[in-house]
Amino acid sequence: MHTPLPLKSLAVFDAVMKHHSFTMAAAELHVTPGAVGQQIQKLEEWLGQPLFVRSIRQIQPTPEAQTYWAAVQPALARIQQASDQLRQLDAHQVWLSMPPTLAAKWFAPRMAAFLQRRPDISLHLSATTDMVDFERDRVDLAVRHFGGQAPGLQAELLYADSAHLYCAPGYAQRLGLHQPDDLARATLLHTTLLPYWRDWLRRFSSLGDAQIAQLPSLHFDQSMLAIEAARHHQGVVLSSPLLVQQELRDGVLCEPLGLRMAVDKGYYLVSPRHTPLRPAAAALREWLLETAAQEREAGADMGLQPESRPWV
Numbered sequence: 001m002h003t004p005l006p007l008k009s010l011a012v013f014d015a016v017m018k019h020h021s022f023t024m025a026a027a028e029l030h031v032t033p034g035a036v037g038q039q040i041q042k043l044e045e046w047l048g049q050p051l052f053v054r055s056i057r058q059i060q061p062t063p064e065a066q067t068y069w070a071a072v073q074p075a076l077a078r079i080q081q082a083s084d085q086l087r088q089l090d091a092h093q094v095w096l097s098m099p100p101t102l103a104a105k106w107f108a109p110r111m112a113a114f115l116q117r118r119p120d121i122s123l124h125l126s127a128t129t130d131m132v133d134f135e136r137d138r139v140d141l142a143v144r145h146f147g148g149q150a151p152g153l154q155a156e157l158l159y160a161d162s163a164h165l166y167c168a169p170g171y172a173q174r175l176g177l178h179q180p181d182d183l184a185r186a187t188l189l190h191t192t193l194l195p196y197w198r199d200w201l202r203r204f205s206s207l208g209d210a211q212i213a214q215l216p217s218l219h220f221d222q223s224m225l226a227i228e229a230a231r232h233h234q235g236v237v238l239s240s241p242l243l244v245q246q247e248l249r250d251g252v253l254c255e256p257l258g259l260r261m262a263v264d265k266g267y268y269l270v271s272p273r274h275t276p277l278r279p280a281a282a283a284l285r286e287w288l289l290e291t292a293a294q295e296r297e298a299g300a301d302m303g304l305q306p307e308s309r310p311w312v
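Heads up: the sequence shown begins at 1 in our numbering, then just goes up one per residue.
No lab work stands behind these hints: they were computed from the structure.
Worth double-checking, as some hints may not be accurate.
Computed beta-carbon distance windows for the label pairs [as the list claims (entries may be wrong)]:
#, residue 1, residue 2, range
1, Gln93, Gln149, 28 to 34 angstroms
2, Asp133, Arg185, 42 to 48 angstroms
3, Ala71, His20, 14 to 20 angstroms
4, Thr291, Gln214, 28 to 34 angstroms
5, Gln66, His124, 29 to 35 angstroms
With a straight-line cut-off of 27 angstroms between C-alpha atoms, the simulated DSSO-like cross-links for lysine-lysine are [claimed, not checked]:
#, residue 1, residue 2
6, Lys8, Lys42
7, Lys18, Lys42
8, Lys8, Lys18
We put the beta carbon where it would ideally sit given N, CA and C, even for glycine.
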């Protein structure tokens, strides 16, 4: 069976020939010199010809390599030109990925502000909890809820997170939720985003593990569903304040105990570390960071200050 030409190796070969250096080619391609060497070896094996004479801290292209490069380099340049032209068709489009609840509760009310600033940009939003593969998926930027450690990616903090307790005002009044131990009478609404009920109760209440385990519970894989359940008097939920801003303003949710627990996660804006953002994506990144900074300064509007209206 005929083995296909290793096109990735061909691009690496072109970079090495331009720079006469594995190290400088690696810097251009944002890979290691070792990875460059592996790709050159793969191309040499495919061609059945050595392309470089290697010596200490120096490489020298063979005459065959010079002839080969002269033949393929114009074709590689045309491929690059055609690719750049096609890529420019997307110059005014940007693809953003974020979790569904954040998209619905936080981004949707603010989306018009970005489009008003940049009406020339076409925004494509993907609401998913799936991890983004920037090399495979058509995504420029992603917002993810995690600890911020992402090798090979640039992660910029939008909002630090904390676990706040929310429920409907009528639910708090009916159950008499005045202190943490009163949650022994409540139904706990669990989410995969902030699965910290046991830690929260251990920290703030005197309930033992056996008592906590016996509390009625409902489990949700989407925070949006748990928030809706809390709105409809089904229980108490631990949520990011970022996700319940409208419900607090409308008075359909309250924070009856005013206690919140910091967590080691936050909402981060993630993008490829070594790939320059296209202009539309760069504009969206700037707006997201600017919006988050302004809202962090006005922390009271995000529910980051103690609840001013007691529900007792």
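Hint consistency between Lys18 and Lys42 [alpha-carbon to alpha-carbon, up to 27 angstroms]: With Cα atoms ~19 angstroms apart, Lys18 and Lys42 stay inside 27 angstroms; holds.
Distance restraint hint 29 to 35 angstroms, applied to the beta-carbon atoms of Gln66 and His124: violated (45 angstroms)
Proposed proximity, Lys18 with Lys8 (alpha carbon, max 27 angstroms): holds (16 angstroms)
Assessment of proposed distance window 42 to 48 angstroms (beta carbons of Asp133, Arg185): Distance hint for Asp133, Arg185 holds at roughly 46 angstroms.
Range agreement (Cβ of Gln214 with Cβ of Thr291, hint 28 to 34 angstroms): Distance hint for Thr291, Gln214 is violated at roughly 43 angstroms.
14 to 20 angstroms as the expected CB spacing between His20 and Ala71, which holds or is violated: holds (19 angstroms)
Outcome for the supplied range 28 to 34 angstroms, where the beta carbon pair is Gln93 and Gln149: Holds, at about 30 angstroms.
Pair hint Lys8 and Lys42, alpha-carbon separation not exceeding 27 angstroms: holds (10 angstroms)
Hints 4 and 5 from the earlier list are contradicted by this structure; the remaining hints agree with it.
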